Amino acid sequence: MRGYIKTAILGMLSLSFLLFFSNLDAAPENGGLATGPFQWHGSVELGYRLTDIEGRDRYKEVVNLMEGLRLFNLSLQGKNQEKKGLVDSLSFNLNGIGDPFPYGRLQIKKAKTYDLVVTYRESRYFFNREDFFTPSLGEPFTDNHDFHQRRRQGAVTLTIFPQDDFRLNFGYSHAQRAGDMRTPRAFIYLLDIPNLEQDLKERLNEFFVSADFSIGTWNFHVKQSRWNFKNENEIEEPGFLVEKRKEDMNTYVSTAKGHTRVGERLDLDLGFTYAHSNGRAHFTNPFSTTEGKTDFNTQIAELGLSYLLMKKAVLHFDYQFHRLSQDGRAETFKPTYELHAHTGTFQIEVLPIEKLTLRGGYRFQYRDIDAENLMNVEGNLAIGGKDSQDTIIRTHGWIGSLDWKPYKSFSIYGEYQGADFDNPYTRISPEHENIAKLRVKYNTPLNGLNLKGSVLWKRKTNPDQRYRIDVQDYVFAAGYQPSFLPRLSLDASFTYEKIRDKKNITNNLFAFPVPPPFTRFVFDSDALIYSGGMSYEGIFKGLGARFNGSYARTRDENSQKYADGLISIWYKNKWVTPILTLERTYLIDRERRNDGFDANLLTFSLNKEF
Numbered sequence: 080m081r082g083y084i085k086t087a088i089l090g091m092l093s094l095s096f097l098l099f100f101s102n103l104d105a106a107p108e109n110g111g112l113a114t115g116p117f118q119w120h121g122s123v124e125l126g127y128r129l130t131d132i133e134g135r136d137r138y139k140e141v142v143n144l145m146e147g148l149r150l151f152n153l154s155l156q157g158k159n160q161e162k163k164g165l166v167d168s169l170s171f172n173l174n175g176i177g178d179p180f181p182y183g184r185l186q187i188k189k190a191k192t193y194d195l196v197v198t199y200r201e202s203r204y205f206f207n208r209e210d211f212f213t214p215s216l217g218e219p220f221t222d223n224h225d226f227h228q229r230r231r232q233g234a235v236t237l238t239i240f241p242q243d244d245f246r247l248n249f250g251y252s253h254a255q256r257a258g259d260m261r262t263p264r265a266f267i268y269l270l271d272i273p274n275l276e277q278d279l280k281e282r283l284n285e286f287f288v289s290a291d292f293s294i295g296t297w298n299f300h301v302k303q304s305r306w307n308f309k310n311e312n313e314i315e316e317p318g319f320l321v322e323k324r325k326e327d328m329n330t331y332v333s334t335a336k337g338h339t340r341v342g343e344r345l346d347l348d349l350g351f352t353y354a355h356s357n358g359r360a361h362f363t364n365p366f367s368t369t370e371g372k373t374d375f376n377t378q379i380a381e382l383g384l385s386y387l388l389m390k391k392a393v394l395h396f397d398y399q400f401h402r403l404s405q406d407g408r409a410e411t412f413k414p415t416y417e418l419h420a421h422t423g424t425f426q427i428e429v430l431p432i433e434k435l436t437l438r439g440g441y442r443f444q445y446r447d448i449d450a451e452n453l454m455n456v457e458g459n460l461a462i463g464g465k466d467s468q469d470t471i472i473r474t475h476g477w478i479g480s481l482d483w484k485p486y487k488s489f490s491i492y493g494e495y496q497g498a499d500f501d502n503p504y505t506r507i508s509p510e511h512e513n514i515a516k517l518r519v520k521y522n523t524p525l526n527g528l529n530l531k532g533s534v535l536w537k538r539k540t541n542p543d544q545r546y547r548i549d550v551q552d553y554v555f556a557a558g559y560q561p562s563f564l565p566r567l568s569l570d571a572s573f574t575y576e577k578i579r580d581k582k583n584i585t586n587n588l589f590a591f592p593v594p595p596p597f598t599r600f601v602f603d604s605d606a607l608i609y610s611g612g613m614s615y616e617g618i619f620k621g622l623g624a625r626f627n628g629s630y631a632r633t634r635d636e637n638s639q640k641y642a643d644g645l646i647s648i649w650y651k652n653k654w655v656t657p658i659l660t661l662e663r664t665y666l667i668d669r670e671r672r673n674d675g676f677d678a679n680l681l682t683f684s685l686n687k688e689f
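For the sequence shown, this note's numbering begins at 80 and goes up steadily by one.
If you are wondering where the hints come from, they were derived from the structure by calculation, not from laboratory data.
Errors might be hidden in some of the hints.
[Said to hold, decoys possible] SDA-like mimics (lysine to any residue), calculated; alpha carbons at most 20 Å apart, straight line:
(1) K280 with R246
(2) K323 with E281
(3) K577 with E616
(4) K487 with L435
Quick caveat: nothing in here was measured; it's all calculated off a predicted structure.
Build out the structure end to end from the sequences listed, making use of the hints.
Here is the structure:
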């Protein structure tokens with residue numbers, strides 16, 4: 080009840096502000112501010128949010144917008160009108176200060192001289208699945224897990240242009256994870272001990288330098304980077320369950336790529352990437368101390384040929400050789416692993432009509448795997464599928480793409496890959512394998528009506544555990560701004576997502592006979608998401624309003640319902656723009672009846688543009 084009273088009081092005060100500002104003249108066009116040769120533009124929005132929440136833990140997991148003073152936006156752009164001095168333009172942006180996902184960006188640049196970009200991003204995550212029969216005993220048949228963590232990411236990139244055809248890039252990025260995580264242990268609830276609290280201390284630093292330049296008819300790109308990852312997570316109590324780890328991993332990645340034209344019909348591309356990782360890990364528990372080391376190498380060589388067969392037909396041939404090798408030492412055995420792969424792709428690109436590009440072809444991949452002391456799904460000490468010890472995998476399938484832009488108002492793009500190919504770059508940076516992708520955009524003859532549609536089919540596989548996750552997303556969106564009501568805009572979207580997830584996991588609890596058997600886990604789900612909105616500017620003088628809402632429903636193994644609705648009212652004038660926003664959001668969990676939330680949020684903010 081106390082929360083509703085606070086909400087009502089703030090609502091009355093906010094409406095009073097709106098009525099006051101409604102007597103002011105509408106805002107004139109802003110000319111910005113001038114200081115010396117610089118012309119400045121920008122805006123700032125500051126406000127306060129009140130909340131009334133039932134089901135606080137799950138709300139923090141899904142929404143996590145809390146009560147308090149917030150800097151919603153601060154933006155500043157400056158341009159040097161005379162184009163003299165060390166700076167031509169400057170921009171500075173801050174968003175969401177005080178909320179779980181703040182972001183900041185600074186850019187300073189001088190045309191054909193340098194470009195400096197600094198970014199900072201922070202994310203706060205909360206998760207709680209600790210159920211209790213009694214205040215002291217945990218429920219043994221849930222995942223019984225929770226964490227409260229903060230992730231920070233910062234980056235600095237400097238680009239220098241010594242010459243028109245020569246560019247140097249220097250960069251540094253830092254990422255860290257801190258906070259705490261409750262770590263479950265089997266049957267620990269029987270000892271009347273809560274889940275163990277683990278302190279999170281993880282850091283990743285990257286340094287890189289790269290260059291783009293030309294020598295004769297060749298265009299080159301070279302890059303050298305170094306990554307360092309450290310993990311010092313630990314569990315300090317109770318004493319007989321203490322765990323400490325100290326991991327330090329260094330990775331060096333060298334890349335060189337070149338492109339040239341040979342004659343009038345042939346284009347040649349060459350590339351080579353080498354990544355080397357080495358590190359040590361030290362683990363301590365109440366019973367023993369163990370150490371291990373690892374050494375991992377990735378080598379990728381690429382060749383690309385494009386030959387003009389005729390005016391509107393090009394033959395493409397791409398070849399890739401990659402080698403992965405792993406060595407190291409653990410307390411139990413030596414997990415060695417080596418993979419050689421050859422991948423060849425033939426494609427024909429044709430332009431049957433203007434603005435239509437079609438590509439079609441076939442891809443082959445040969446993989447030779449040699450491994451020791453790595454377990455596959457059959458319980459054999461091997462890797463790469465059903466075969467024991469060494470494995471040879473041959474993969475092939477059709478590939479194709481379509482790109483059609485017949486009009487400015489209509490475009491289609493799609494691509495397809497007919498088999499699961501090993502991608503070595505996923506060992507260096509996280510990437511998904513897209514099986515199919517389709518995008519359609521259409522500005523209809525009805526003035527102001529735009530339609531968009533997209534399909535994305537992603538798949539991840541791991542033959543060692545017969546792991547496979549298949550995700551399909553279908554999105555349709557529409558936007559409409561009628562010519563007879565130019566200040567009115569409407570938008571709507573529909574998304575259907577289908578997930579098929581299965582994996583085999585070692586069942587050590589019933590490890591008889593040895594080696595332990597595998598247990599199959601299946602998680603199938605689909606989601607229906609509806610969203611829409613309407614906004615109107617100039618209802619009366621500077622008065623405007625916006626309404627938008629969304630509704631999502633998941634089915635199968637993950638049955639939930641989530642809804643969110645928002646109404647925002649503002650009044651633009653020559654001083655400041657007051658904004659009043661009321662939001663209602665709730666979640667119903669069909670599997671865990673008590674694990675939902677219902678929340679009301681009321682926000683009053685002031686926005687100033689200059």
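Against the structure, the hints come out as follows:
1. K280 with R246: The given pair, whose Cα atoms are some 37 Å apart, is violated under the 20 Å limit.
2. K323 with E281: This hinted pair holds, its Cα atoms lying about 13 Å apart.
3. K577 with E616: 38 Å, violated
4. K487 with L435: 13 Å, holds
Hints 1 and 3, counting from the list given before, are not met by this structure.
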